[in-house]
Amino acid sequence: MNPLPLVLAMLARNRMTSLLFVALITLAVALGIAISAQERALRQGSARAADRFDLVVAAPGSPTDVLFSVVYLRPSAVELLSPAVFSRLLAEPKAEIVAPIGFGDNLDGAPVVGTTAPFALHLSGGGLAEGRVFERLDEAVVGALSPHPIGVELQVSHGHGAASPEDEAGGLHGQKLRVVGRLQPTGTPWDGAVVTPIEFNWYVHGLGTGHADGDTHIGPPFEAGKLPGMPAVIVKPQTVPAAYGLRNAYRTADSTAFFPAEVLVELYALMGDVRRIMGALTLATQVLVIAAILAGILALLDLQRQRFAVLRALGASRLFIFLTVWSYVTLLIAAGALGGLLLGWGVAGIISHFLAEASGVAMQATIGGTEFRLVGALLIVGACLAAVPAMLIYRRPVIDALRQ
Amino acid sequence: MSAVTSTGQSLAASGLVFTYPEAGKGRMTAVNIAALEARPGSVTALAGPSGSGKSTLLYLLSGLMRPDAGSIRWNGDDLALLGEARRDGWRRRNAGFVFQNFHLIEEMSPEDNVLVGGWFSSWSVRGLRRRAAELLDRLEVPRERTRVALLSRGEQQRVAIARALLFDPPVIFADEPTASLDAAAGHNVVATLRRLAAEDGKTVICASHDADLLDSCDRVVRIDHGRIAATKVEIAEPVS
Ligand SMILES: Nc1ncnc2c1ncn2[C@@H]1O[C@H](COP(=O)(O)OP(=O)(O)OP(=O)(O)O)[C@@H](O)[C@H]1O
Ligand SMILES: [Mg+2]
Numbered sequence: 001m002n003p004l005p006l007v008l009a010m011l012a013r014n015r016m017t018s019l020l021f022v023a024l025i026t027l028a029v030a031l032g033i034a035i036s037a038q039e040r041a042l043r044q045g046s047a048r049a050a051d052r053f054d055l056v057v058a059a060p061g062s063p064t065d066v067l068f069s070v071v072y073l074r075p076s077a078v079e080l081l082s083p084a085v086f087s088r089l090l091a092e093p094k095a096e097i098v099a100p101i102g103f104g105d106n107l108d109g110a111p112v113v114g115t116t117a118p119f120a121l122h123l124s125g126g127g128l129a130e131g132r133v134f135e136r137l138d139e140a141v142v143g144a145l146s147p148h149p150i151g152v153e154l155q156v157s158h159g160h161g162a163a164s165p166e167d168e169a170g171g172l173h174g175q176k177l178r179v180v181g182r183l184q185p186t187g188t189p190w191d192g193a194v195v196t197p198i199e200f201n202w203y204v205h206g207l208g209t210g211h212a213d214g215d216t217h218i219g220p221p222f223e224a225g226k227l228p229g230m231p232a233v234i235v236k237p238q239t240v241p242a243a244y245g246l247r248n249a250y251r252t253a254d255s256t257a258f259f260p261a262e263v264l265v266e267l268y269a270l271m272g273d274v275r276r277i278m279g280a281l282t283l284a285t286q287v288l289v290i291a292a293i294l295a296g297i298l299a300l301l302d303l304q305r306q307r308f309a310v311l312r313a314l315g316a317s318r319l320f321i322f323l324t325v326w327s328y329v330t331l332l333i334a335a336g337a338l339g340g341l342l343l344g345w346g347v348a349g350i351i352s353h354f355l356a357e358a359s360g361v362a363m364q365a366t367i368g369g370t371e372f373r374l375v376g377a378l379l380i381v382g383a384c385l386a387a388v389p390a391m392l393i394y395r396r397p398v399i400d401a402l403r404q
Numbered sequence: 001m002s003a004v005t006s007t008g009q010s011l012a013a014s015g016l017v018f019t020y021p022e023a024g025k026g027r028m029t030a031v032n033i034a035a036l037e038a039r040p041g042s043v044t045a046l047a048g049p050s051g052s053g054k055s056t057l058l059y060l061l062s063g064l065m066r067p068d069a070g071s072i073r074w075n076g077d078d079l080a081l082l083g084e085a086r087r088d089g090w091r092r093r094n095a096g097f098v099f100q101n102f103h104l105i106e107e108m109s110p111e112d113n114v115l116v117g118g119w120f121s122s123w124s125v126r127g128l129r130r131r132a133a134e135l136l137d138r139l140e141v142p143r144e145r146t147r148v149a150l151l152s153r154g155e156q157q158r159v160a161i162a163r164a165l166l167f168d169p170p171v172i173f174a175d176e177p178t179a180s181l182d183a184a185a186g187h188n189v190v191a192t193l194r195r196l197a198a199e200d201g202k203t204v205i206c207a208s209h210d211a212d213l214l215d216s217c218d219r220v221v222r223i224d225h226g227r228i229a230a231t232k233v234e235i236a237e238p239v240s
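Going down the list, the sequences are from chains A and B.
All residue numbers in the first sequence are consecutive under the numbering used here, ending with 404.
All residue numbers in the second sequence are consecutive under the numbering used here, ending with 240.
There's no promise every hint is true.
Some chain B residues judged to face chain A by a derived CB distance under 7 Å, without partners named [claimed, not checked]:
hint: 1; residue: Tyr59
hint: 2; residue: Arg86
hint: 3; residue: Asp88
hint: 4; residue: Arg92
hint: 5; residue: His103
hint: 6; residue: Ile105
hint: 7; residue: Glu107
hint: 8; residue: Met108
hint: 9; residue: Gly117
hint: 10; residue: Trp119
hint: 11; residue: Phe120
Derived by calculation from the structure, the hints in this document are not laboratory data.
Every residue gets a Cβ at the ideal spot worked out from N, C-alpha and C, and that includes glycine.
Chain A on its own, in the form it takes in the complex:
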């Protein structure tokens, strides 16, 4: 028994309708796939971006705000961490890197971020892509995607606008920076940033350099009395136990300490709820589309009941008719599901591309187990639902159709 030629004949006869059905299923499935793949891309991309920010110490307040400022370079007004806490951190024997972070400047839309040379190196995976790390206050390294070549002189303006009153006051506007190196790609918005010594950041904001007058070296040790407050300090602990020890030690009245992953997990939990709702909605969409299509197919098959009756008269069994209709409907659903998988993947890829461009967080939409399971579930449900029109045609008396 081979219903395939008849299925092909049915496809040929109802070319446009079949195509429309497949297109509808494709769109409904693509919606679900795109949401699922995109959500994972966002989650993985943001988690990977936070990887090298081992432990964040900041003033008590919202860890989410600090995380967005430090990792994703979306600064919001955060409380400043007292220099005393920073000094204490510098003295921690189990902290390998203790790096203050400073924001507030901009260069043609690219953030200018201050930190220390060891953290810049750590962020870059231990070594730079080219050049060397900054050694002087007026040197900088750029992120992997920054357009600035090594050797170029940059003119940094403070804040987002051109000139602010602060520039007139004590701060230094028009301070020049020379690019001396380029970081490896990090998959974070830091890839587009200009990274300067933290002293430069403090200096252009009129906060001194954190060192004694006339002391031009950069990085630790700092002069305790000359340090300003800072939005956050990144700490790279030597060991995992040390990390937990430090985190607990700096959860005090005047500081908070957290692993970015902790904050992200909370965010993901929130996103997960949204995703579940979206998932339910797309599932409902798919079921509705398939139900509508089944109704359409029934109408379509009703027009062809004579053909089935003739086959019965020629000796085809009911089973053969059932198999033919079932294969036809299942084929449409399978084609739609497969098309939806590919289209959803493509759409998620495009969304990821634009999101990555807009946020600076590298993300790649992939098709994984979740999506295959989704399509698999749809195929199973579809194959079961396909039995409905097949059954209805199967049960129809032959003679009535033969007479027409």
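Knowing the structure of chain A, use the given hints to seat chain B with the ligands on it.
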């Protein structure tokens, strides 16, 4: 070959009763046949006015429907006693069907239409292709057309006859095979059916009111209100 080569057995119905349910009035008797025999090597015509029960009788004889009472015997089987699946199988092995409106699959080639029965048989369609081509040649259908819709109506009906002959069944049922053809094409189809009986020893049973067809049949069974009104033997009946 002579007209009297008939090695197979007759298709014989007796005491055949079939009723259709009728709204409000119980049941309406569509067929009530005391005895009817169709012999190999002969063409039997079922004639009668519209609504007299010709098609119903044909559907009963082919096992598409089951009678309320009576028997339909063929080679030891009583079709009236068989379940639906076994009657399907019986038709697959023993019967070919030709309709007034051909009922071909328009988007397929003549050859593929002839092969339709191969899809639901246990034969391989590949092995049947040769047979399909031979049948089409024999019935003078232009095989090279890509779609049967491109054939003339007479040619289409001959494709339908070839389809009925794919497995060389001993019985051919035809319901008004010439009713939608012009005189010439109809005549050609009648001649074809006659040849199948005379040369191949098929048992051919047609429902028709086509005078041309009735004239060239071996036997004409006139049906009226589901009963046999008269039986006319046109040509000497073959002796079995
Ligand atoms: N499904 C049905 N339910 C009820 N009555 C039916 C049904 N099908 C046919 N009939 C009736 O049974 C009778 C015989 O019908 P049938 O189709 O066998 O006649 P026919 O001789 O083939 O007519 P025609 O020459 O017009 O094809 C008619 O009176 C018809 O109305
Ligand atoms: Mg009829």
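Hints, one by one, checked against the model:
1. Taking 7 Å as the C-beta contact cut-off toward chain A, the hint placing Tyr59 (chain B) at the interface holds, the least distance being around 6 Å.
2. Checking Arg86 (chain B) against chain A: minimum C-beta separation of about 10 Å lies over 7 Å; hint violated.
3. For the restraint placing Asp88 (chain B) at the interface with chain A, the shortest Cβ-Cβ distance is roughly 5 Å, inside the 7 Å limit, so the hint holds.
4. For Arg92 (chain B), the suggested interface contact is upheld, since its CB lies about 3 Å from the closest CB of chain A, less than 7 Å.
5. At about 4 Å, the closest approach between the beta carbon of His103 (chain B) and any beta carbon in chain A falls short of 7 Å, and the interface hint on this residue holds.
6. About 5 Å separates the beta-carbon of Ile105 (chain B) from the nearest beta-carbon of chain A, less than 7 Å, and the hint is met.
7. Proximity of Glu107 (chain B) to chain A holds as hinted, the smallest CB-CB distance being about 5 Å (cut-off 7 Å).
8. Given hint, Met108 (chain B) at the interface with chain A, holds; its Cβ is 6 Å from that chain's nearest Cβ, closer than 7 Å.
9. Look at Gly117 (chain B): its Cβ gets to within about 6 Å of chain A, closer than 7 Å, so that hint holds up.
10. Annotation: Trp119 (chain B) was flagged as interfacial toward chain A, and the flag holds, the nearest CB pair being 5 Å apart, inside 7 Å.
11. Hint status for Phe120 (chain B) relative to chain A: holds, with the closest Cβ pair at about 4 Å, below 7 Å.
Consistency note: the structure conflicts with earlier hint 2 alone.
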